[in-house]
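Novice: Protein chains in written order, with the numbering used here: chain A, 18 to 521; chain B, 29 to 177.
If a hint is listed, it holds; no wrong ones were tucked in.
Below are the PhoX-like pairs computed for lysine-lysine, each with C-alpha atoms no more than 25 Å apart in a straight line: (1) A:28 <-> A:105; (2) A:105 <-> A:137; (3) B:60 <-> A:133; (4) A:90 <-> B:60; (5) A:137 <-> A:122; (6) A:105 <-> B:60; (7) A:273 <-> A:461; (8) B:86 <-> B:96; (9) A:273 <-> A:486; (10) A:137 <-> B:60; (11) A:461 <-> A:486; (12) A:23 <-> A:222.
The following residues of chain B were derived to be distant from chain A, with all beta-carbon distances above 12 Å: (13) 42; (14) 43; (15) 51; (16) 55; (17) 83; (18) 90; (19) 93; (20) 98; (21) 102; (22) 163; (23) 166.
Below, a sample of chain A positions facing chain B; criterion: calculated Cβ distance under 10 Å: (24) 83; (25) 88; (26) 89; (27) 90; (28) 92; (29) 93; (30) 96; (31) 106; (32) 107; (33) 108; (34) 111; (35) 112; (36) 113; (37) 114; (38) 116; (39) 117.
Bear in mind the hints are in silico, worked out from the structure with no lab data behind them.
Using N, Cα and C, we set each Cβ at its ideal position, and we do this for glycine too.
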Amino acid sequence: MSIEDKVKINKLPTGVPGLDEIVGGGLPEFSFNIIAGAPGSGKTTLAHQFVFANATPERPALYFTVLGESAIKMLRYQQQYTFFDPAKLPGSIRFINLSEVVLEKDLGAVLAEITKEVEKANPAVVVVDSFRTMVRKPESDMDLQSFIQRLALFLASWQATTFLIGEYAEEELRDNPIFTVADGLFWLRQTAERNSIVRKLQIIKLRGQDSVPGLHTFRITDAGVQAFSRTFGLKGHLKNPPSHRRLCFGIAELDKMLGGGVREGDSVLIAGSSGTGKSVLATQFIAEGIRQGEPGIVAVFEERPQAYAERATSLGLDLETPQKDGKLQILYLRPLDLSVDETMHSILDAVQKIGAKRLVIDSLAGFEMALSPGFRADFRESLYRMIFALTGIGVTILSTVEVDESFTEFPFSTYSISFLTDDIIRLRYVSIDGQLRKIMVVIKMRGGNHAKDIREYEITDQGVVILGKRLDNYQGLISGIPVHSDRPGTREEPSMDTGIEHKT
Amino acid sequence: MRELAHRLLTYEAGAGQSTEPMESPTLRVYEKLRQSLSAFAGVAAFEALAFRALTQAKSEAPGLWAVKVAAGGALQGLGQGVDEREPQIDKDKDMAGEFQPGEGGIILIARLLGLLGLFLGEALTLNLLRNAWPGAALDDHNSGNGRKA
Numbered sequence: 018m019s020i021e022d023k024v025k026i027n028k029l030p031t032g033v034p035g036l037d038e039i040v041g042g043g044l045p046e047f048s049f050n051i052i053a054g055a056p057g058s059g060k061t062t063l064a065h066q067f068v069f070a071n072a073t074p075e076r077p078a079l080y081f082t083v084l085g086e087s088a089i090k091m092l093r094y095q096q097q098y099t100f101f102d103p104a105k106l107p108g109s110i111r112f113i114n115l116s117e118v119v120l121e122k123d124l125g126a127v128l129a130e131i132t133k134e135v136e137k138a139n140p141a142v143v144v145v146d147s148f149r150t151m152v153r154k155p156e157s158d159m160d161l162q163s164f165i166q167r168l169a170l171f172l173a174s175w176q177a178t179t180f181l182i183g184e185y186a187e188e189e190l191r192d193n194p195i196f197t198v199a200d201g202l203f204w205l206r207q208t209a210e211r212n213s214i215v216r217k218l219q220i221i222k223l224r225g226q227d228s229v230p231g232l233h234t235f236r237i238t239d240a241g242v243q244a245f246s247r248t249f250g251l252k253g254h255l256k257n258p259p260s261h262r263r264l265c266f267g268i269a270e271l272d273k274m275l276g277g278g279v280r281e282g283d284s285v286l287i288a289g290s291s292g293t294g295k296s297v298l299a300t301q302f303i304a305e306g307i308r309q310g311e312p313g314i315v316a317v318f319e320e321r322p323q324a325y326a327e328r329a330t331s332l333g334l335d336l337e338t339p340q341k342d343g344k345l346q347i348l349y350l351r352p353l354d355l356s357v358d359e360t361m362h363s364i365l366d367a368v369q370k371i372g373a374k375r376l377v378i379d380s381l382a383g384f385e386m387a388l389s390p391g392f393r394a395d396f397r398e399s400l401y402r403m404i405f406a407l408t409g410i411g412v413t414i415l416s417t418v419e420v421d422e423s424f425t426e427f428p429f430s431t432y433s434i435s436f437l438t439d440d441i442i443r444l445r446y447v448s449i450d451g452q453l454r455k456i457m458v459v460i461k462m463r464g465g466n467h468a469k470d471i472r473e474y475e476i477t478d479q480g481v482v483i484l485g486k487r488l489d490n491y492q493g494l495i496s497g498i499p500v501h502s503d504r505p506g507t508r509e510e511p512s513m514d515t516g517i518e519h520k521t
Numbered sequence: 029m030r031e032l033a034h035r036l037l038t039y040e041a042g043a044g045q046s047t048e049p050m051e052s053p054t055l056r057v058y059e060k061l062r063q064s065l066s067a068f069a070g071v072a073a074f075e076a077l078a079f080r081a082l083t084q085a086k087s088e089a090p091g092l093w094a095v096k097v098a099a100g101g102a103l104q105g106l107g108q109g110v111d112e113r114e115p116q117i118d119k120d121k122d123m124a125g126e127f128q129p130g131e132g133g134i135i136l137i138a139r140l141l142g143l144l145g146l147f148l149g150e151a152l153t154l155n156l157l158r159n160a161w162p163g164a165a166l167d168d169h170n171s172g173n174g175r176k177a
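Please build the complete structure, drawing on both the sequences and the hints.
Specialist: And the structure:
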């Protein structure tokens, strides 16, 4: 059978931002789906979003309520969401209560009632909320398996896309005929992790569709459910071909050390202890990009955008104007309870909005702290996914990371993430001539050659300034306690403070 | 909501002259609401709302003392109170004035609509009413007898 002969399954928009990507482009038309999860997990809201996105006066949605929440209360709360359009009720979306039939009759009568309403309305969408309460009745004339099969067949033949909503526990997945019959099974979870609540969605099955496997985080806001795909919405995006373009810092000596700058699409890590100038370098990188006509994003976690911009001003860098011109966005990602996927969503939105070429994440430690505790355990894996996704679309990422200064070791990062980065620039303090001075070295550049020099630098009101030539008259610089070549065997001697202040 | 209740009663008063002369406008409005809301939200939900509306209405119109919400939400006993004969609907007026003795039916319907508005909001309530009374002009203050111009 050629591909042209195969039946084409239309995909309906789910109405849930991010979910279309997860389900493989949209929900298969005429599919018979289950939304399962514990109370409060967002099942009804998800179904409402689908209904509002697809119901029309010609092909309305029938929303059958059974026992439990009455339509009046349900709509009272649901209309608080921004997707709720009261004009669609009752013309396009019709609520029908089946509680009397369920309470007083058997499943056969329930099926007859649904059949009658469906034949009358010719709906595109049918929802039964909650289906679980409908099949709780022990004394039913029709056995459950038969009821579900007949219901599924009937609704599919009437070309309706169906959602049955139920409060199920995961152990019920086995031996429940409803899960066997269903074409799609959406499982919503809500778990407490220390002081945080984390919501996750899983497509356990979806026939005929290439859905994204795994657990996807989601959030319920005043816009309803918003899902964050593990593929960050980049599934199917073409990877950018490798670029040979170099992106400069605007610090001539450093750019020389980097062989002309970092390669476009690289992931760069700047590691150093507190006060070594990681954020200053990052700011210069983003400011130089703007000078070169490359829009940028700065994701900050430890300070507010205004404070970040003001600090840049003190270095002679104007970040206010490019923000107004739409060339720069400083994202302050709300600390606590974030998921990496959610953070990525914000970053990607910004990247796409301004066509960003450079992204600064300042810092990884702040990023980790902003995450819900449950996500911190997966931080390395999450970073991998994030860096892979962003560099894949040609964004050059510069991340800063604080490392504990040690005078016996030279760690690149506390996260063991150096393998995720293409280029590493290490900043550190050294004790020279009775002063705590700063050195930098390019540790690694995946894209080519780089200088092996260890260079001294200062942070001035012009930003990072590299001083003189390489420090070739010291041994053991990276230990932090070097030995002067002309005075072998002697470590740095403490000297008296002369009282001279050094401008930094 | 009194105005809206008056509009519905006016509409049904007009309709009743030709179709169901034996049934009062209040009962016809109430029955339409019962059918529509029971299908939409369930009989139990309608019963609860109707019972609450009747309780509120009785405090304003003591003549409704004999009125009850029966099982299934049906209204019983309307018109049995001393002062609760069916309201005389002035078809030349769209606007309802202050409640007068004998206006228990209007009060009851107004209270029922008031509860709906409280829970669902005005927009959704009006949409439901438009669906139940497709021929009525529910928000057109200038139309006559509650009918669409």
